[in-house]
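Mind docking chain A on chain V? Use the hints.
There are 2 protein chains.
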Amino acid sequence: MKKKLIISGVSAITPFILSAQSEQPNIIFFLVDDMGWQETSVAFYKERTWLNNNYNTPNMERLELQGVKFTQAYACPLSSPSRISLMTGQNAARHKVTNWTLFKDQSPDRYSKNKEVLVPEWNVNGMSMAPGVEHALYVSETLPSILRKAGYKTIHVGKAHWGAIGTPGEDPLNLGFDVNIAGHAAGGPGSYYGKNNFSAAFRNGGPEWDVPGLEKYHGKDINLTEALTLEATHEMEKAVDEKRPFYLYMSHYAIHAPWEEDNRFVEKYKQMGLTDFEAVYASMLESMDKSLGDLMQHVRRLGIEKNTIIIFMSDNGQPHQVKTYPPLRGHKITPYEGGIRVPMLVKVPGMTKPGSECNVPVIIEDIYPTILSLASATKFAENMEIVDGRDISPLLQGKKSMDKNRAFFWHYPHIYDVTPYSIIRKGDWKLIWHYADQRAELFNLKYDIGEKNNLADKEPDKAQALRKELREYLESVNAPIPRKKSTNEPFRLP
Amino acid sequence: MKKKLIISGVSAITPFILSAQSEQPNIIFFLVDDMGWQETSVAFYKERTWLNNNYNTPNMERLELQGVKFTQAYACPLSSPSRISLMTGQNAARHKVTNWTLFKDQSPDRYSKNKEVLVPEWNVNGMSMAPGVEHALYVSETLPSILRKAGYKTIHVGKAHWGAIGTPGEDPLNLGFDVNIAGHAAGGPGSYYGKNNFSAAFRNGGPEWDVPGLEKYHGKDINLTEALTLEATHEMEKAVDEKRPFYLYMSHYAIHAPWEEDNRFVEKYKQMGLTDFEAVYASMLESMDKSLGDLMQHVRRLGIEKNTIIIFMSDNGQPHQVKTYPPLRGHKITPYEGGIRVPMLVKVPGMTKPGSECNVPVIIEDIYPTILSLASATKFAENMEIVDGRDISPLLQGKKSMDKNRAFFWHYPHIYDVTPYSIIRKGDWKLIWHYADQRAELFNLKYDIGEKNNLADKEPDKAQALRKELREYLESVNAPIPRKKSTNEPFRLP
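If you read the protein sequences in the order shown, they are chains V and A. Just so we're aligned: 296 in full-length UniProt numbering is position 296 of the first sequence, and the numbers increase by one with no gaps anywhere. Just so we're aligned: 215 in full-length UniProt numbering is position 215 of the second sequence, and the numbers increase by one with no gaps anywhere.
Honestly, I wouldn't trust all of these hints.
Since the list can't tell identical chains apart, any single copy or any two copies may satisfy a pair.
Stated by the list, open to error - Straight line, CA to CA, 27 Å or less: simulated BS3-like cross-link-like pairs of lysine-lysine:
no.: 1; residue 1: K270; residue 2: K238
no.: 2; residue 1: K195; residue 2: K270
no.: 3; residue 1: K404; residue 2: K353
no.: 4; residue 1: K306; residue 2: K270
no.: 5; residue 1: K353; residue 2: K46
no.: 6; residue 1: K323; residue 2: K399
no.: 7; residue 1: K323; residue 2: K400
no.: 8; residue 1: K270; residue 2: K216
no.: 9; residue 1: K306; residue 2: K46
no.: 10; residue 1: K270; residue 2: K220
no.: 11; residue 1: K458; residue 2: K426
no.: 12; residue 1: K243; residue 2: K270
no.: 13; residue 1: K115; residue 2: K270
no.: 14; residue 1: K399; residue 2: K306
no.: 15; residue 1: K220; residue 2: K195
no.: 16; residue 1: K195; residue 2: K426
no.: 17; residue 1: K353; residue 2: K323
no.: 18; residue 1: K400; residue 2: K458
If you're looking for bench data, these hints aren't it; they were derived computationally from the structure.
Chain V with its partners taken away, still in its complex shape:
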C-alpha cells in the first residue's frame, strides 16, 4: 500500500468505521444517460423480461438488494430538461429548458421537417446563475450551491449539459460545483475511447463534442466510463481526507451515442447472438455497471458505507436507435412510458429497507427536495416556493403512499422527432395531449402499461377532468405553447 496507507490503516479489520466526517451523509447521485427502464438485469417490471435476461448489471442488482427499487420513477423525455429539473427541483413546464441545448440561441427543432408547427420561445441557452443571460433560466441557487452552503464539497464528474456554449451555465463551476471533471455544454462525448482522446475528430464530428479535461488519459487504451470512475474515486478520497461530506454528481456520458463497444464486456453478448448493435449497447451498460460497483467498493474501502447515500437513476428512456421490446411503448423524446419511465434505486443507510420495492410514482424533480432533506440542508434553500418536486423521504422510510391525488406533468412543445405534447398522470391514468392534431390519448397504466388502448372516447369524463387539470397547470406556470404556422395562433391547450 503506497498512497492510501492512512485510510487503509484506519479501516483494517474493523467492519465499518463511522466516518470521521460530520454526521451529514455523503451523497452519490449516479446518473446514467439514455438508459431505458428495461435495459438492466434488475427487473423493474412485475416480471423479468427478455431484456432483463439479456443485459447484465450485477452491481445494480447488488444495490437493489441493499436499498429500495422504485418501479414507477419518471424523468423528462430527454436530457437537458431532466438535468435542469435535478438542479432546480422545477418541472420542465416551469423551467422552460424543454429541449436539448448545445449552441447558443440555436434550437434543435430546426432539424425538423415539420411545416405546421412553430416552436415557442424556450430557454434554448439552458440555465445560468449569472443574471442577464438571454433565453436562459436564471436561478440564484442550485442543488449543489445549497449543499455547499450546508458544508458539502460538491463534485461534478461526467456529463453536465446545463448551458449552451458561450454561456456561463456551460461550466459546472458556475452552477454550484466545487470540482468539475469532464463536464461542459455537450450532451454526448466525442468518443468513449482514450485512444481517440475522447474526441469526435475521428468521426469528423465538431470540437463541441470533445470531452474536456481528461488529457492524462489521451492516447491510452481506456474507456471514458472507466476514466470518469477513476476520477470520481480520487475525488471521494480527497473529500474524505479533508473530512468534508461530499455530494458526488456522478453523471456518466454512457450510454449516450456514439455507441462504441467496451471490449472488456462485449464478447459475451456477441456469443449470445445479440445483434452487433445490441451487443455494443449491452457492453456499454455493463461498463456503466462496473463503475457503480467500483464506487460501491470504494465507499466501503473508505469506511463511509454506513454514512453514504446512493441514488441511481437515468435521465430518460432509451434512444430510438434501440429496438423497443415489451412491455413499454416508445423511446426517448416520445410521450410514452418508454420515453419517460426510468430505472431508479435508492440506498439510504439506516432508512431504506434492504431489498424493498416502492410502486409509488416519483419524478426527477423530486430528487432536489429529497436530497436537501436527507442532507438536512433545506434550511439553506431560499426559493423552495418555486420547487415542483416533493421530498420522497416518507417513501424511503417505507410508507406505501404520499399523496394519492398528486398529479405528474410533462411538457414538450417541440417538433424534434415528434410533434408537441403535454402529459398528465394521476393515479393509474395518463393523458397525453398532442397539440398539432388537437388529440388526446388516455391510458390506464395499471392494465395497459404498453399504452395500446386509447380510452379517450370510452372515458370522456376522465379525459375531460385530466385535460382540465393539465391545462390549468400549464397556465399556472406559464408554459410555452407551440403555434400553428399558417395562422401564427397558439395551438389550443388540452
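This is chain A only, laid out in the frame that chain V set:
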C-alpha cells in the same frame, strides 16, 4: 437475436420458466485455484477485513445474498489432493495423491533441500479409471461418471490436474466427463493471454504448461478466464438444447501463477495504491468474479435459474507469494488455516435460505456425497463405503449442526516448502503433528483463529486425545508415513 431465438422466445416476459429438462437439477461447481479465504469482498470472517475491502468480487456477493455462506469450509493444502478428493469423496490420507502431480513418476519433493526426510511412496501419477497404472489411485467410478449414469451431461472446463502426463488420468474424458475444454495434466496455465496462445513459451516455460484446445482464441486479445467462460456458456446452452441436466465443473486456472494482470480490471487497483503484484492479483480475482457473474446471467437467460445449483469453492489457500494479512496464519501448502480454509458459497434453489450463513466446518471431500445426494444419484454409486466425505444437505437445509463429534483430517507427508505434517480438527480444537521434529501444535480456533498460541503444553490431555484419534485414523487408511534418512525408519506417528 440470431442464434438463441428459440430459447429467448420461450423465456420472454415470463420471469422463470421451469426448464423443459427433467427435474434433476443442473449443477455448476465453480472452482477457483489458489484463492485464499480472505481474497474476496465477501466477508468470511466475523468482520470485514482489509482484504475484503481492497478486493472486489461483486458477483460472489450476489451469490452470497442468494445462498448460504460457509465460514469454515476446508480444502486440502494444495491442488491435486483437493481435486482427487472432489472426484472420489476420499480424504487425501486415503487416496494418497498427497502432493501435486505433473510428470510421470516424478515427485515435486525432489525440489526440496531437506536432507533429513525421506518422502514415502504416494500416488505421484494421480488417479486413473484404467487399472494397472503404477503409482496412481485406481477408481472404478468418479463423481462425474456416477452423475453420467444418472443421466447427466458432464462438462469439464478449465484446469483438470488429476493425472500425470502420459497416464490416462491426464485426460478428463477418461475420468467420467463427456466434454473436456482445456483440461490436461498441468496445474497452471502457460499464460492467461490469448496473444500468448495460453502458452508458457513467451517465458521460456515448457510445453507441459500450454493450455490445450483453445486454438480459436490464439493470437487474440482475450483472457483465459474469459475464454473458458465463453466455452462453458456454450456448453450449458448445448445441454439445455439437448434437454439434458448438466454437471458443469467450471474449474478456473485463475488465480494460479503466472500472475498476469487482467487489463480490464487492473487500473482501479493501481490507483488504490496496492503494490503492483497485489493489483495484478486483484485484477485476476475480479476477472474470475466476472466469470461467475456471466454464468449466473446465462443460467437466468436460459430459464434454468430455479433448477440450477451453484457451488463456489477454492482448492486451497493463497500462494506464499501473496503477503499474508490477518486474521489467518499461513498460506498454500502450510498446515495453518491460511493454507486450508477456503471461501465457499452454495445456492440450492428451494433449499438454501438466501443470505444465510453456516458456521459448521465442512471439507472438500463432502462435495462428492453432497452433489450425489442433491442430484438423486447416490443410488448409482457402487463404492460409497470408501467415501470419507459426508452429505451436507442438512446444513444446506439450515440445520445448525450435523455431527458435533466429527473429526477432520489432513495429511501431507512431503517436504515441498514445509516439512511433513498431519492435522486433526475436532470441535474448536486443531492439532498439527510435525513429523520431522516430532512436535505437536495445538490451537483453539474459536479464540485463536490466527494460530498464535500453541496450547500443546497447557492442554496435554486434549493434545494426547487428538494425537490418538489422528494416529488411529492414519493407521486405518494406511496413510503413507515419511521416514528419516539417517535410519530409514518411519517417523513416529502423532
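Structure-based check of each hint:
1. K270 - K238: Answer is between; shortest inter-copy Cα gap is 17 Å, intra-copy 39 Å.
2. K195 - K270: Answer is both: 23 Å inside a copy and 20 Å across each meet the 27 Å cutoff.
3. K404 - K353: Only inside one copy: K404 and K353 sit 22 Å apart there, 37 Å across copies, limit 27 Å.
4. K306 - K270: Only across copies: K306 and K270 sit 25 Å apart there, 39 Å inside one copy, limit 27 Å.
5. K353 - K46: both (19 Å within a copy, 23 Å between copies)
6. K323 - K399: This pair counts as neither: shortest intra-copy Cα distance 36 Å, inter-copy 49 Å.
7. K323 - K400: neither (34 Å within a copy, 50 Å between copies)
8. K270 - K216: between (31 Å within a copy, 15 Å between copies)
9. K306 - K46: between (30 Å within a copy, 18 Å between copies)
10. K270 - K220: Intra 25 Å, inter 15 Å, cutoff 27 Å: intra and inter.
11. K458 - K426: within (18 Å within a copy, 75 Å between copies)
12. K243 - K270: For K243 and K270, the Cα distance is within 27 Å only across copies (24 Å; inside one copy 45 Å).
13. K115 - K270: neither (42 Å within a copy, 57 Å between copies)
14. K399 - K306: Intra 22 Å, inter 32 Å, cutoff 27 Å: intra-copy only.
15. K220 - K195: both (5 Å within a copy, 19 Å between copies)
16. K195 - K426: Neither way: K195 and K426 sit 49 Å apart in one copy and 58 Å across, limit 27 Å.
17. K353 - K323: neither (35 Å within a copy, 38 Å between copies)
18. K400 - K458: neither (31 Å within a copy, 61 Å between copies)
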